[in-house]
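So the sequences go chain by chain: A and B. Following our numbering, the numbering of the first sequence begins with 1 at its first residue and continues without gaps. Following our numbering, the numbering of the second sequence begins with 1 at its first residue and continues without gaps.
Keep in mind that the hints were calculated from the coordinates and are not lab data. It is possible that some hints are incorrect.
Since the list gives no way to pick out one identical chain from another, each pair is judged satisfied if it fits inside one copy or across any two copies.
Unchecked claim - Quick list of in silico lysine to any residue cross-link-like pairs, SDA-like style, CA-CA up to 25 Å:
| hint | residue 1 | residue 2 |
| --- | --- | --- |
| 1 | Lys325 | Gln280 |
| 2 | Lys325 | Leu285 |
| 3 | Lys317 | Asp50 |
| 4 | Lys167 | Asn121 |
| 5 | Lys251 | Met118 |
| 6 | Lys325 | Ala261 |
| 7 | Lys241 | Gly296 |
| 8 | Lys251 | Asn121 |
| 9 | Lys167 | Lys272 |
| 10 | Lys241 | Val311 |
| 11 | Lys61 | Tyr340 |
| 12 | Lys313 | Phe334 |
| 13 | Lys61 | Trp271 |
| 14 | Lys251 | Gly120 |
| 15 | Lys181 | Gly120 |
| 16 | Lys181 | Ala264 |
| 17 | Lys251 | Lys325 |
| 18 | Lys61 | Thr32 |
| 19 | Lys313 | Ser205 |
| 20 | Lys181 | Leu47 |
There are 2 protein chains.
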Amino acid sequence: MGGPTTLQEHIHQAGVSPVERLHALIAADMATTDRLIHARMTSGVALIPDLARHLIDSGGKRLRPMLTLAAAQAGGYTGGHHVRLAAAVEFIHTATLLHDDVVDESALRRGKVSANLMWGNKPSVLVGDFLFSRAFQLMVETGNLAVLDILAGAAAVIAEGEVMQLKSANNLGVTEEHYLKVVSSKTAALFAAAAESGALLSGRSDEFVCGLRAYGENLGIAFQLVDDALDYSGRQALMGKTVGDDFREAKMTLPLILAHARAAEGDLPFWKRVIETGNQTERDLDRAITLIEQTGAMQETMARARAYADVAKAALKVMPDSDIKRALADIADFCVERAY
Amino acid sequence: MGGPTTLQEHIHQAGVSPVERLHALIAADMATTDRLIHARMTSGVALIPDLARHLIDSGGKRLRPMLTLAAAQAGGYTGGHHVRLAAAVEFIHTATLLHDDVVDESALRRGKVSANLMWGNKPSVLVGDFLFSRAFQLMVETGNLAVLDILAGAAAVIAEGEVMQLKSANNLGVTEEHYLKVVSSKTAALFAAAAESGALLSGRSDEFVCGLRAYGENLGIAFQLVDDALDYSGRQALMGKTVGDDFREAKMTLPLILAHARAAEGDLPFWKRVIETGNQTERDLDRAITLIEQTGAMQETMARARAYADVAKAALKVMPDSDIKRALADIADFCVERAY
Chain A
1 MGGPTTLQEH IHQAGVSPVE RLHALIAADM ATTDRLIHAR MTSGVALIPD
51 LARHLIDSGG KRLRPMLTLA AAQAGGYTGG HHVRLAAAVE FIHTATLLHD
101 DVVDESALRR GKVSANLMWG NKPSVLVGDF LFSRAFQLMV ETGNLAVLDI
151 LAGAAAVIAE GEVMQLKSAN NLGVTEEHYL KVVSSKTAAL FAAAAESGAL
201 LSGRSDEFVC GLRAYGENLG IAFQLVDDAL DYSGRQALMG KTVGDDFREA
251 KMTLPLILAH ARAAEGDLPF WKRVIETGNQ TERDLDRAIT LIEQTGAMQE
301 TMARARAYAD VAKAALKVMP DSDIKRALAD IADFCVERAY
Chain B
1 MGGPTTLQEH IHQAGVSPVE RLHALIAADM ATTDRLIHAR MTSGVALIPD
51 LARHLIDSGG KRLRPMLTLA AAQAGGYTGG HHVRLAAAVE FIHTATLLHD
101 DVVDESALRR GKVSANLMWG NKPSVLVGDF LFSRAFQLMV ETGNLAVLDI
151 LAGAAAVIAE GEVMQLKSAN NLGVTEEHYL KVVSSKTAAL FAAAAESGAL
201 LSGRSDEFVC GLRAYGENLG IAFQLVDDAL DYSGRQALMG KTVGDDFREA
251 KMTLPLILAH ARAAEGDLPF WKRVIETGNQ TERDLDRAIT LIEQTGAMQE
301 TMARARAYAD VAKAALKVMP DSDIKRALAD IADFCVERAY
């Protein structure tokens, strides 16, 4: 019982988290980005900033814009457009969260009541559209068509991933391949584009840009795998998030896909009932967690996340040694370790 | 009984509509735009083109992309990017329709069952996001940051207009000023941007570009005023659209705002009941139509539409005489006359 009991304590005891370390390395740019985010989410229509603020000021780590700023800084960029790009990346992320809340009827987002529940579907869709438009206005201001191309492409891929994910509910037939495609699209595409566009802005070699993109993409996949694992883990509760959200939505994420694939004959009717019919009782989540642990599905999901994090770290070889590079590498490790 | 009984017959008897005339003048570009629209709405995720096609192939006139192509052609543009811009404009329009269906739970869109009702909110939001992203990809391909700026700005204004419009339901306090701001934003902004961006692509003078923008903006306002009038008109039924959609949603459009402002003391409880409480019976629509006619609200709405159409026509003075100019002017007239 002497060990750390919350993530915060854990971080405190272990020193500063690598996310905080990276934040400190790009603190001035992050502060400028934050000011820009708040300046650009204003509107003569008061409901827009009110609703947007609900997500934007809800304590998210701004990991995606941090990737953009870190990539630009690591690439030696000295101009002022990287903060516009970083703000645009955060707006795109926020817009997808708002639209995801609408469609998933999720009750909690970052531990707060979702915008959707507070304001209704209608405003959430429209404010998402507004932020998405603002993102493109910010990108236009960079005057860089290549970064516009990357982020417009990523936005299309994110939407494709979200549509693909619709099939993942109540469907025991979802394959690992389908799952990984969804994760690459809905999550990793923006991580990849955030890092790539920042690198591109710095005008460095294709190798550098591709390396940063690969880092972002693999980090994004690892990040989502861990997120999906945490949904069946007690660690999640310590982080102020509910456990079992995916389970209650009968969404086939990797822990479930693997547990079902490895299920004993006698457990198949359980999976059929809770996932295919969605007919769940209070105690089913506990049984699901037990089966996910027993079949090694949890361990395997984490091992995969570890492998993607390692690929992300390896992709950083295009960068010379620096504090930023070390922080990025440690973030990949931290992304996996936060689950333990 | 000998008169035309459908709009189609009316057009047939009166000759070719100016919309069809403009279409004929830019037929090759429209065909290319159409091919591009269909090519770019494809996706490895089959649901996306299936759902998009539902709106895109539902017989819309493609008025907005026509404005883009006409403006580019009138400006003497000889490149190939105007079709990309036109396709982008249609995608933005389609995305807003999809998101509007989600939020309004409207049962009919262009006489077909709305995508929302067929596929649900979730896919409609996401496919809208996909088309919106595709629009920006197409704009990036034009390599023209000025047109990107115009359309990204228009997209933000459209979202603001839609959010403003939320206040218009069940609210007898909505002013004419609020209504006109909503119309300028949610409808006229895209008409204006469609015409302006086409003109801009042609590299003509600011005066020319501003003139085309003013044409689009005023045409858009006239168009929406007539649309809102038609919702209380028997003509609407002849066009295959339902009458009274706005009324059933208790949405304060100009005919209602004026009828309520001019209402006799004895009619105020009626408006209070049907709009503020939304408590309506079958026969209330007929009474509303009668009151809108009796107070002159219908006539006044149409007179305003006429005035905006006239401003649109006057804005065309920046163009030398041509078949396109005459067709654009006649479209402004036709937009109003279709209601009679």
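We went through each hint and held it up to the structure:
{"no.": "1", "hint": "Lys325 with Gln280", "in the structure": "neither (46 Å within a copy, 65 Å between copies)"}
{"no.": "2", "hint": "Lys325 with Leu285", "in the structure": "neither (40 Å within a copy, 67 Å between copies)"}
{"no.": "3", "hint": "Lys317 with Asp50", "in the structure": "neither (43 Å within a copy, 43 Å between copies)"}
{"no.": "4", "hint": "Lys167 with Asn121", "in the structure": "both (21 Å within a copy, 15 Å between copies)"}
{"no.": "5", "hint": "Lys251 with Met118", "in the structure": "both (24 Å within a copy, 22 Å between copies)"}
{"no.": "6", "hint": "Lys325 with Ala261", "in the structure": "neither (39 Å within a copy, 66 Å between copies)"}
{"no.": "7", "hint": "Lys241 with Gly296", "in the structure": "within (23 Å within a copy, 58 Å between copies)"}
{"no.": "8", "hint": "Lys251 with Asn121", "in the structure": "both (21 Å within a copy, 18 Å between copies)"}
{"no.": "9", "hint": "Lys167 with Lys272", "in the structure": "within (16 Å within a copy, 45 Å between copies)"}
{"no.": "10", "hint": "Lys241 with Val311", "in the structure": "neither (28 Å within a copy, 56 Å between copies)"}
{"no.": "11", "hint": "Lys61 with Tyr340", "in the structure": "within (19 Å within a copy, 58 Å between copies)"}
{"no.": "12", "hint": "Lys313 with Phe334", "in the structure": "within (12 Å within a copy, 63 Å between copies)"}
{"no.": "13", "hint": "Lys61 with Trp271", "in the structure": "neither (35 Å within a copy, 50 Å between copies)"}
{"no.": "14", "hint": "Lys251 with Gly120", "in the structure": "both (23 Å within a copy, 17 Å between copies)"}
{"no.": "15", "hint": "Lys181 with Gly120", "in the structure": "between (30 Å within a copy, 23 Å between copies)"}
{"no.": "16", "hint": "Lys181 with Ala264", "in the structure": "neither (27 Å within a copy, 63 Å between copies)"}
{"no.": "17", "hint": "Lys251 with Lys325", "in the structure": "neither (36 Å within a copy, 56 Å between copies)"}
{"no.": "18", "hint": "Lys61 with Thr32", "in the structure": "within (15 Å within a copy, 45 Å between copies)"}
{"no.": "19", "hint": "Lys313 with Ser205", "in the structure": "within (19 Å within a copy, 53 Å between copies)"}
{"no.": "20", "hint": "Lys181 with Leu47", "in the structure": "between (36 Å within a copy, 16 Å between copies)"}
Of the numbered hints listed earlier, those contradicted by the structure are 1, 2, 3, 6, 10, 13, 16, 17.
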